[in-house]
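**Student:** Taken in order, these protein sequences are the chains called G and R.
Mapping of the first sequence onto my numbering: position 148 corresponds to residue 148, and the numbering continues sequentially without gaps.
Start counting at 1 in the second sequence, then tack on 288, and there's your number in my numbering.
Hints are computed from structural coordinates only; laboratory data are not their basis.
Don't take every hint at face value.
Unchecked claim - The list that follows gives simulated cross-link-like pairs (lysine to aspartate or glutamate, EDC-like), each with its CA atoms no further than 20 Å apart:
hint : chain 1 : residue 1 : chain 2 : residue 2
1    : G       : K221      : R       : E472
2    : G       : K165      : G       : D33
3    : G       : K221      : R       : E475
4    : R       : K531      : G       : D183
5    : G       : K112      : G       : E163
6    : G       : K141      : G       : E101
7    : R       : K550      : G       : D272
8    : G       : K220      : R       : E472
9    : G       : K220      : R       : E475
10   : R       : K433      : G       : E19
11   : R       : K341      : R       : D355
12   : R       : K550      : G       : D236
13   : R       : K551      : G       : E101
14   : G       : K141      : R       : E306
15   : G       : K226      : R       : E350
16   : R       : K479      : R       : D463
17   : G       : K226      : G       : D6
18   : G       : K220      : G       : D170
19   : R       : K551      : G       : E19
20   : R       : K531      : G       : D182
21   : R       : K341      : R       : E294
22   : R       : K575      : G       : D276
23   : R       : K577      : G       : E127
24   : R       : K575      : G       : E266
25   : R       : K359      : R       : D304
26   : R       : K575      : R       : E558
27   : G       : K78       : G       : D208
28   : G       : K221      : G       : E194
29   : R       : K550      : R       : D530
30   : R       : K363      : R       : E350
31   : R       : K564      : G       : D236
32   : R       : K564      : R       : D463
33   : R       : K322      : R       : E290
34   : G       : K141      : R       : D304
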Amino acid sequence: MPIIFDNVSYVYGEHTPFENKALDGVSFTIEDDMITGLIGQTGSGKSTIAQLCNGLYKPWAGTVTVDGEDINDKNNKKNKSKNFFRVGLVFQYPEYQLFEETVRKDIAYGPKNMGCSEEEIAIRVAEAARFVGISDENLDKSPFDLSGGQKRRAAIAGVIAMEPKYLILDEPAAGLDPNGRDDILTKLKQYQREKHTSVVIISHSMEDMANYCDRIIVLKKGGVYKCGDKNEIFSDPMALSSLGLSVPQITKLIYNANQYGVGINEPIYTVDAAYDAVMRLISGEEST
Amino acid sequence: MENVIELKDVGFSYRDSEGNLHPALSNINLSFEKGSYTAILGHNGSGKSTLAKLLNLVITSEDGKIDGSVKVFGKELNGQLTEDEEYEIRRRVGMVHQNPDDQIVATTVEEDVAFGPENLGVEPAEIRKTVDEAIAAVGMTGYEKFAPHRLSGGQKQRVAVAGVLAMHPECIIFDESTAMLDPEGREAVLKTIDELHRSGNVTVITITHYMNEATDADRVVVLNHGEVFMNGTPEEIFTQVDKLRSVSLGVPQVTELFYRLKKEGVYSGELPLHTKDGAAALSNLVKNKRG
Numbered sequence: 001m002p003i004i005f006d007n008v009s010y011v012y013g014e015h016t017p018f019e020n021k022a023l024d025g026v027s028f029t030i031e032d033d034m035i036t037g038l039i040g041q042t043g044s045g046k047s048t049i050a051q052l053c054n055g056l057y058k059p060w061a062g063t064v065t066v067d068g069e070d071i072n073d074k075n076n077k078k079n080k081s082k083n084f085f086r087v088g089l090v091f092q093y094p095e096y097q098l099f100e101e102t103v104r105k106d107i108a109y110g111p112k113n114m115g116c117s118e119e120e121i122a123i124r125v126a127e128a129a130r131f132v133g134i135s136d137e138n139l140d141k142s143p144f145d146l147s148g149g150q151k152r153r154a155a156i157a158g159v160i161a162m163e164p165k166y167l168i169l170d171e172p173a174a175g176l177d178p179n180g181r182d183d184i185l186t187k188l189k190q191y192q193r194e195k196h197t198s199v200v201i202i203s204h205s206m207e208d209m210a211n212y213c214d215r216i217i218v219l220k221k222g223g224v225y226k227c228g229d230k231n232e233i234f235s236d237p238m239a240l241s242s243l244g245l246s247v248p249q250i251t252k253l254i255y256n257a258n259q260y261g262v263g264i265n266e267p268i269y270t271v272d273a274a275y276d277a278v279m280r281l282i283s284g285e286e287s288t
Numbered sequence: 289m290e291n292v293i294e295l296k297d298v299g300f301s302y303r304d305s306e307g308n309l310h311p312a313l314s315n316i317n318l319s320f321e322k323g324s325y326t327a328i329l330g331h332n333g334s335g336k337s338t339l340a341k342l343l344n345l346v347i348t349s350e351d352g353k354i355d356g357s358v359k360v361f362g363k364e365l366n367g368q369l370t371e372d373e374e375y376e377i378r379r380r381v382g383m384v385h386q387n388p389d390d391q392i393v394a395t396t397v398e399e400d401v402a403f404g405p406e407n408l409g410v411e412p413a414e415i416r417k418t419v420d421e422a423i424a425a426v427g428m429t430g431y432e433k434f435a436p437h438r439l440s441g442g443q444k445q446r447v448a449v450a451g452v453l454a455m456h457p458e459c460i461i462f463d464e465s466t467a468m469l470d471p472e473g474r475e476a477v478l479k480t481i482d483e484l485h486r487s488g489n490v491t492v493i494t495i496t497h498y499m500n501e502a503t504d505a506d507r508v509v510v511l512n513h514g515e516v517f518m519n520g521t522p523e524e525i526f527t528q529v530d531k532l533r534s535v536s537l538g539v540p541q542v543t544e545l546f547y548r549l550k551k552e553g554v555y556s557g558e559l560p561l562h563t564k565d566g567a568a569a570l571s572n573l574v575k576n577k578r579g
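So here's chain R without its partners, still in its complex pose (with noise of 0.2 Å):
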């Protein structure tokens, strides 16, 4: 499978008014396939963000000092580009962030959703059907002439991916996207991921603080002060528990329960991730007991 970005012994050092550099991340050897989904987990402060802001120029050479090769589709971003490599790369990895107001612009939910396509150029005729679909794979449809600030955060928050998607980007960064939404808000973002890994053609990075979602990607990378710490599938890393723990992490509850179970003596298998092969495995746990 091609890799889309690859980066290579990649470090970054902010540099603070005064020119003194704050290093943030290094050693960095990671690589993303095209349409993987990856998770990408630490404690406040271990570089994530960071991370994800230099895949999008967010953060440039201007903020600090990078080091090592900064690979997004071929095109080397720890060096000079022009400002139409910049825009290209800037549609191409879109972000959504965690807080829906510093991302929404317009006094429209679907003037929202416009603004990239609009600012792209595109047709007004193929405008109108990209925002409709856009919106209606957030399941915002019947808001479209709704003002934001009427919204609820959680719809916000899907018309900031909207407006993400209608760029067509093929890579989509969700950095904390579902901290301020509630349960149903959370899943339909969660709901939104899903499908557009699922389409296969857009690569799915997500930062993020519960253990839960992390479950439902295909890989999981823990960073701590700024290095890889762990880098495997989500049940190589979550069931090292201890391992988690020591980063300032934890496990989903689920496995938590199993993990404690295992620790006791009562439990042999593997421990599970989600509620479904929990339940199974409780079920078959009581059983044998009972004999």
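Isolated chain G, as found in the complex (with noise of 0.2 Å):
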């Protein structure tokens, strides 16, 4: 069942001079089985989005749903503390999070506190190391003297052994190199696809958006600007670029070359799409 936010606000410092609604009655779903990617603005709610819906955050109007349950619902006070195993939050940096002696320990920590069998703990430690990559090796090691990437990996495992059913990250990829971004969000992918969770990514990264989202939300100013599969949200970069955002530069790209008449009208938002695009428009003109 998926999250569904039904006109929700939340205010911070209310009461006082610093009164600032971060979200102003907003409506959305946030689907089962796909990787949803939250854009918008710093300032816009993401990440008081990805707090509402673990329970961190309370909604000052309206209510947020996690598998048909509200979750801040008065006479189910369990359903709160159900909930932060339910919704898995990464936040941004989750390295510097990382507390035990070896890595086994740290990824170890949420499913113990969750009440598991020593032999489940173990079962699910393997699982989510196996997920993001770290080896045998590295488990025994001390988080502190793994490379940024692998800290980086160690910490997301931490919340994938809860087993959540909906996974949150906040800018997963942010401070990795080209490869280690690749590799992180590639292997979210497969988890996504193996597991069949709901993912949640928010990223600033319009190219990464691109290349593993299944669908966009868009944030402006505490609302909801648009929600689509990403062909439709790409296929306008000047609505984007108003919204003080950008598209990959690949469709930056085409969208130019078509002011010179190039004729690519299909959405084109990953290299892959515009190579084929492109073979596709020279072998058909040559064929004709």
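Fit chain to chain and form the complex, with the hints in mind.
**Tutor:** This is how it looks when you write it as structure tokens:
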């Protein structure tokens, strides 16, 4: 079942001079079994939404429904703690939160707190390590002896080990080199495809969003500007730049080339798609 | 042109708490001209940040073993410096870090930007002017009285840049300063970098994982395992797609497309780095094929 935001508002610093309405009556649905991208300028409410999804924040108005249950229902207090495990949240730079002596213990921390048995914990740790690509050898190292990319994986594995139904990641690839980025996002996509969970990625990299997400929610100053599949979202570069966002460089290239009359009419947001379109155009023209 | 930074046979090894040395840089020979704009690329752990930190004494011989000669504004940093000399180097070589939260100290934007010049003992009237100019340079005018923690990440990063600008540095190192920013925030910081560079007075060094950003520089240096792996103009560097991939780096999407078209034998010109020349090249390609 999806996560449903119904007319949700959230206010920071209520009744202070710094009162700031971070979300203003937003309604949208995070669909099951796919990767949803959340994009928007800083301050548009992305991180607020992430924290509302798992109950760290309580809506000021409106309801957040997860698996058909209002997660802030006062008559169902149990719901709240259940929801922490149901919706896994990976914050920005999660490796700063690693603290155990070994990577293995760090990944085990979540399932241990959930009351899993020793055998269950071992299974979950192995599974989570496999998903993110941490070798057995690295499991017994101190997390502080790992490289930046490996630390990031260890931190993500710690959340995956809780087997959340929904996994929300805030900038999971920030600060990693190009190979590291592709690698971690590919692993997340494999995880989603294998587990059929719902994965939400918050990112400022339009290239990454275009490559890895299925559906995209665009936020604008605390409201939802547009939801749709990525073809639809990236087909209008002008609208996105007016929101202070951008489209992938390749989309911009095709857009500019079309101004010269190149005539590629389908939406292009990956290098693969651009390559295919150009090749088709060239060979198509040759054959006629 | 005068070189503001000259590195000769530079090496550096970190010393851990047990006294063991871990090499991070070796055989670095580089010089940076006054007013130039250099992008340093390399995968995580390639030594980029270590190199940058050597240039403004964030890393000193207390942190490990420095080899060779690190000359910054004519001063040899691999040796004994007086406290005044250290301050002087740190003022002349400013640094903007990845996480703005690590570099903001005060409770309002203007106080934060004033922190540097205040500590240098600048006159109050002069401070006001410097702070206003620095805040305007990063497009944050109107936010002077805001508490930094209430700003977005991109805004905070621009405040951090303003804080460095207020020290009137002659060289600024941006250490992945756009990594946490949204497209507009990144655009604003890049525009600031571009303007600083155009002014001709500031030598700019950026460390980045975004290949698109590096194409704006005059020169690109690629580090690998602590050594200089490539050094040239963006055109020279980004057309060597396979070589860059061999060290975990990539090329801009535009370049990648043309690289693949060239490999397929349908394109034979130069590999474009920017959307503008890419669009023109694509248009020519399609027109030629259409006859």
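**Student:** Indicate, hint by hint, whether the structure satisfies it.
**Tutor:** So, going through the hints one by one against the coordinates:
1. G:K221 / R:E472: holds (14 Å)
2. G:K165 / G:D33: holds (10 Å)
3. G:K221 / R:E475: holds (19 Å)
4. R:K531 / G:D183: holds (19 Å)
5. G:K112 / G:E163: Distance of about 12 Å is within 20 Å: holds.
6. G:K141 / G:E101: holds (8 Å)
7. R:K550 / G:D272: Within the cut-off at roughly 14 Å; holds.
8. G:K220 / R:E472: Roughly 13 Å between the alpha carbons, so the hint for K220 (chain G) and E472 (chain R) holds.
9. G:K220 / R:E475: holds (18 Å)
10. R:K433 / G:E19: holds (15 Å)
11. R:K341 / R:D355: holds (15 Å)
12. R:K550 / G:D236: Violated, because 29 Å separates the two Cα atoms, which is more than 20 Å.
13. R:K551 / G:E101: Roughly 49 Å between the alpha carbons, so the hint for K551 (chain R) and E101 (chain G) is violated.
14. G:K141 / R:E306: OK: K141 (chain G) and E306 (chain R) at ~18 Å, within 20 Å.
15. G:K226 / R:E350: Roughly 54 Å separates the two Cα atoms, so the pair is violated.
16. R:K479 / R:D463: holds (16 Å)
17. G:K226 / G:D6: Within the cut-off at roughly 15 Å; holds.
18. G:K220 / G:D170: Holds, because 17 Å separates the two Cα atoms, which is no more than 20 Å.
19. R:K551 / G:E19: With a Cα-Cα distance of about 57 Å, the restraint between K551 (chain R) and E19 (chain G) is violated, given a limit of 20 Å.
20. R:K531 / G:D182: Holds. K531 (chain R) to D182 (chain G) sits at ~18 Å (cutoff 20 Å).
21. R:K341 / R:E294: holds (15 Å)
22. R:K575 / G:D276: holds (17 Å)
23. R:K577 / G:E127: violated (52 Å)
24. R:K575 / G:E266: It holds: about 19 Å lies between the C-alpha atoms, which stays within 20 Å.
25. R:K359 / R:D304: violated (26 Å)
26. R:K575 / R:E558: Given that 20 Å is the threshold and the Cα spacing comes to 17 Å, the pair holds.
27. G:K78 / G:D208: violated (37 Å)
28. G:K221 / G:E194: With a Cα-Cα distance of about 35 Å, the restraint between K221 (chain G) and E194 (chain G) is violated, given a limit of 20 Å.
29. R:K550 / R:D530: holds (13 Å)
30. R:K363 / R:E350: holds (18 Å)
31. R:K564 / G:D236: Holds, at about 18 Å.
32. R:K564 / R:D463: Violated, at about 27 Å.
33. R:K322 / R:E290: The given pair, whose Cα atoms are some 6 Å apart, holds under the 20 Å limit.
34. G:K141 / R:D304: holds (17 Å)
Violated hints for the displayed structure, listed by number in ascending order: 12, 13, 15, 19, 23, 25, 27, 28, 32.
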